[in-house]
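Chemist: For this one, chain A is given, so just place chain B on it according to the hints.
Number of protein chains: 2
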Amino acid sequence: MNVTIDGMQYGNWSEKIFREMRAGGVDAVHVTITYHENFRETVANIRAWNLLFERYPDLILHGRTAADVLLAKSTGRTAVFFGSQNASCMEDDIGLIEVLHTLGLRFMQLTYNNQSLLATGCYESEDAGLTRMGREVVAEMNRVGMVVDMSHSAERSTLETIDYSTRPIVISHANPACWHRAKRNKSDTVLKALAAHDGLLGVSTYPHHLAGGSSCTLESYCSMIARAVDLMGASQVAIGTDLCQDQPDSVVEWMRCGRWTKKIDYGEGNAAAPGFPAMPVWFNDNRDFQNIAQGLREFGMSGEEVAGIMGGNWLRFFERNFGPEGA
Amino acid sequence: MNVTIDGMQYGNWSEKIFREMRAGGVDAVHVTITYHENFRETVANIRAWNLLFERYPDLILHGRTAADVLLAKSTGRTAVFFGSQNASCMEDDIGLIEVLHTLGLRFMQLTYNNQSLLATGCYESEDAGLTRMGREVVAEMNRVGMVVDMSHSAERSTLETIDYSTRPIVISHANPACWHRAKRNKSDTVLKALAAHDGLLGVSTYPHHLAGGSSCTLESYCSMIARAVDLMGASQVAIGTDLCQDQPDSVVEWMRCGRWTKKIDYGEGNAAAPGFPAMPVWFNDNRDFQNIAQGLREFGMSGEEVAGIMGGNWLRFFERNFGPEGA
Chain A
1 MNVTIDGMQY
11 GNWSEKIFRE
21 MRAGGVDAVH
31 VTITYHENFR
41 ETVANIRAWN
51 LLFERYPDLI
61 LHGRTAADVL
71 LAKSTGRTAV
81 FFGSQNASCM
91 EDDIGLIEVL
101 HTLGLRFMQL
111 TYNNQSLLAT
121 GCYESEDAGL
131 TRMGREVVAE
141 MNRVGMVVDM
151 SHSAERSTLE
161 TIDYSTRPIV
171 ISHANPACWH
181 RAKRNKSDTV
191 LKALAAHDGL
201 LGVSTYPHHL
211 AGGSSCTLES
221 YCSMIARAVD
231 LMGASQVAIG
241 TDLCQDQPDS
251 VVEWMRCGRW
261 TKKIDYGEGN
271 AAAPGFPAMP
281 VWFNDNRDFQ
291 NIAQGLREFG
301 MSGEEVAGIM
311 GGNWLRFFER
321 NFGPEGA
Chain B
1 MNVTIDGMQY
11 GNWSEKIFRE
21 MRAGGVDAVH
31 VTITYHENFR
41 ETVANIRAWN
51 LLFERYPDLI
61 LHGRTAADVL
71 LAKSTGRTAV
81 FFGSQNASCM
91 EDDIGLIEVL
101 HTLGLRFMQL
111 TYNNQSLLAT
121 GCYESEDAGL
131 TRMGREVVAE
141 MNRVGMVVDM
151 SHSAERSTLE
161 TIDYSTRPIV
171 ISHANPACWH
181 RAKRNKSDTV
191 LKALAAHDGL
201 LGVSTYPHHL
211 AGGSSCTLES
221 YCSMIARAVD
231 LMGASQVAIG
241 TDLCQDQPDS
251 VVEWMRCGRW
261 TKKIDYGEGN
271 AAAPGFPAMP
281 VWFNDNRDFQ
291 NIAQGLREFG
301 MSGEEVAGIM
311 GGNWLRFFER
321 NFGPEGA
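Going down the list, the sequences are from chains A and B.
Numbering follows the working numbering, with no gaps: position 315 of the first sequence is 315.
Numbering follows the working numbering, with no gaps: position 57 of the second sequence is 57.
Looking at chain A on its own, in the form it has when it is part of the complex (with noise of 0.2 angstroms):
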C-alpha cells in the first residue's frame, strides 16, 4: 500500500488546513509542536493537540506508531506524530526523554540554531560536537525510540551524532547544499554519513533552501531529490516540507530570537524581508502533494522510488525507530 508521508510541517493548525491534508492524500505527517518551549510550555501545546484529535476525529489522529499511518489510511484520516525542533522541551533532565516519549514525542532536534546543552547548531561560528550530556541523551533517545533529528545542528555535531548514535537517525528537513548553498542545507559528507547509517533525510520545500527561492521550478527541485538520491540511495530520500501554513510572521521571529537575545535575529530572512516567504507555485499548501509526486515521475523516477520518497521510506522509518531498543 502507497503512503503519503510529510516529515516536518509546522502550520497554524485549523480545520482548514486538515481538510487540505485530506485533499492532498496526506497519511501521515511529522508535526513540530514546540521550538524553545520549556517542558511546562510542551506539555501546554500538547494539551491544545489533544483537544484538536479530539474535536476532529474524522480528520486527524494522534500517531504513535507506524501502524496508525496505515490505521490513518485505511480510515481516509491524517496521522500525526509530534517532533521538537530543539532540546528546550526537556530542559536540563535527561528523566524528560522518556516521560516525553510516553506523551507522544517521535523526534527531537538536539539543537536548534544555536548552542544547546546537547550539541552545536548551524548559525555558531564554532561546533564544538556532541557535549557530555548529548552523549547521555542521545543514548537515552535511542533506548526508548525517540528520533534523533539533526534539520537545524552544525557539521561536526551532526557528523558525531550519527556515528554516536546505536540507531539511524534522520534530517527531516533540509537539502543537499551542492544543489543550493544554505546554512541550512547540508554537505555531501552529511548526506552520505547520514545514509551509511540507515538514516533519513527530508527533502524542504522552504523557499530559504531552495534554490531561486520562491521562484524555484518543480524540475529543478526534482533534480534536486535525484541527486539527493544519488548520493544516498533512493530508500534513505523522503519528503519534510517545512510547511508553515497560515503563520503569522511573529511564529517565525519566536523560531529564531526565541529568550535568547533582546535583538532582533533575521535568521535566514534580513531586515528588508523579515517574515515567511512566499511558496513555489507548485507546493502553496497541504492540497499539493501529488505535484511532487507527478513532478518525480515525469523526471523519470520508477513508480517503487517514487513510492519510497513520497512516504514508504518513512514508514518503514517509523515501523523500526519509535518503539524502545531491541524490541
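Take the hints with a grain of salt, since some may be wrong.
Claimed, not checked - Just a few of them, taken from the derived set where beta-carbon distance is under 8 angstroms, the chain A residues facing chain B: (1) 65; (2) 68; (3) 155.
Unchecked claim - Going by beta-carbon spacing under 10 angstroms, a handful of chain B positions derived as facing chain A: (4) 115; (5) 264; (6) 265.
It is worth saying that the hints were derived from the structure and are not from the lab.
By construction, the Cβ of each residue, glycine as well, lies at the ideal position given by its N, Cα and C atoms.
Modeler: Chain B alone, transformed into the frame defined by chain A:
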C-alpha cells in the same frame, strides 16, 4: 576599615554556621544559592533565604551593595550576597538576568562543569568558547551589574569571556594550576588575563584544589597565594573558600550530576571517595578565617596586602561592579 569577605561558600545554612561566621569575623560572604535549579526552583531557594534573614536579623543581612558590607561590619553581622554556580537559573531567557539581579543575584557562573547554553565547562573535552547566546547574556550581565564568574569554565571560554566582557569578571573559587594541577585550577595564562582586565581570583580551600589535598599545610597554601600575587598583583587576589559546611554527600552528587545523566559522575572525586573530602586542619569551618590571615602575615606579607586579600579587594570589587553599567 579592614573587612573579611569570603568569595564563595555553599553551606547547609543554620544558626550554628551564622554564629561561627561571627566568631570568624566574616563581614560578608558570597553564597551559592543555586546550581542546576531552574528559575522557579531558584526562587524557592531565595524564599528560604528570606526566611533565614527574617529569623536571624542579629546575625545576617541580605547584601545587595558594597555599603551592606560596611553596615554588616558596623552592626556585628554578616552580609550575604547571592550567586549561582550555573546558568540554569536563567533557563533560556535573557530577560531573567535583570529579574534575578533585582532579586539579589550578584554572581552567575556561565557554566558549571558541562557545556551550557552560554559557554563550555571544564569537564568537556572540547571548548568552543562563548556561544551566540553567551555573548548576549554577558552584555546583559554587564548592563545590570551581575558579575560573570568562570570558576568552573574551560580555558578558551574563560579567556574569550574575560576579553568580551566590558566589566571585570571573577574566578571566585579556584587556585593556580602551577601550584596544583587539577581540572578546576587555572593556568597562568588565564590568571594573567583575568588580572589584566581587573578581575579577581578567590583562592579556594576545597581539598581537591589543594596541593596535598586535605593534608595541605597552611604554609603551602600561603605560598600558593604568594604565587598568585606574583602572577596577578596583590589587589587582584582574594579568598573564595568553596567551603561546603555541614552538607550531606547527597549535595555533592547534585552538584556533579544534576539532571544531565542517569549514571553517577564523580567529578573531582571517585567511586572510592564519592563524598565531600575532609577539610585541612587549619580551615575546618567559618571560625578559621583568621588562621589564613595569620599565615599570610607569617609568610611575610604586609598588613596592607593581607587586608586586601582577606576582604579589601572584594569590597572594592563590589563597589564597582554590583550596579548598572556606567552608573
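Chemist: Which numbered hints does this structure break?
Modeler: 1, 2, 3 and 5
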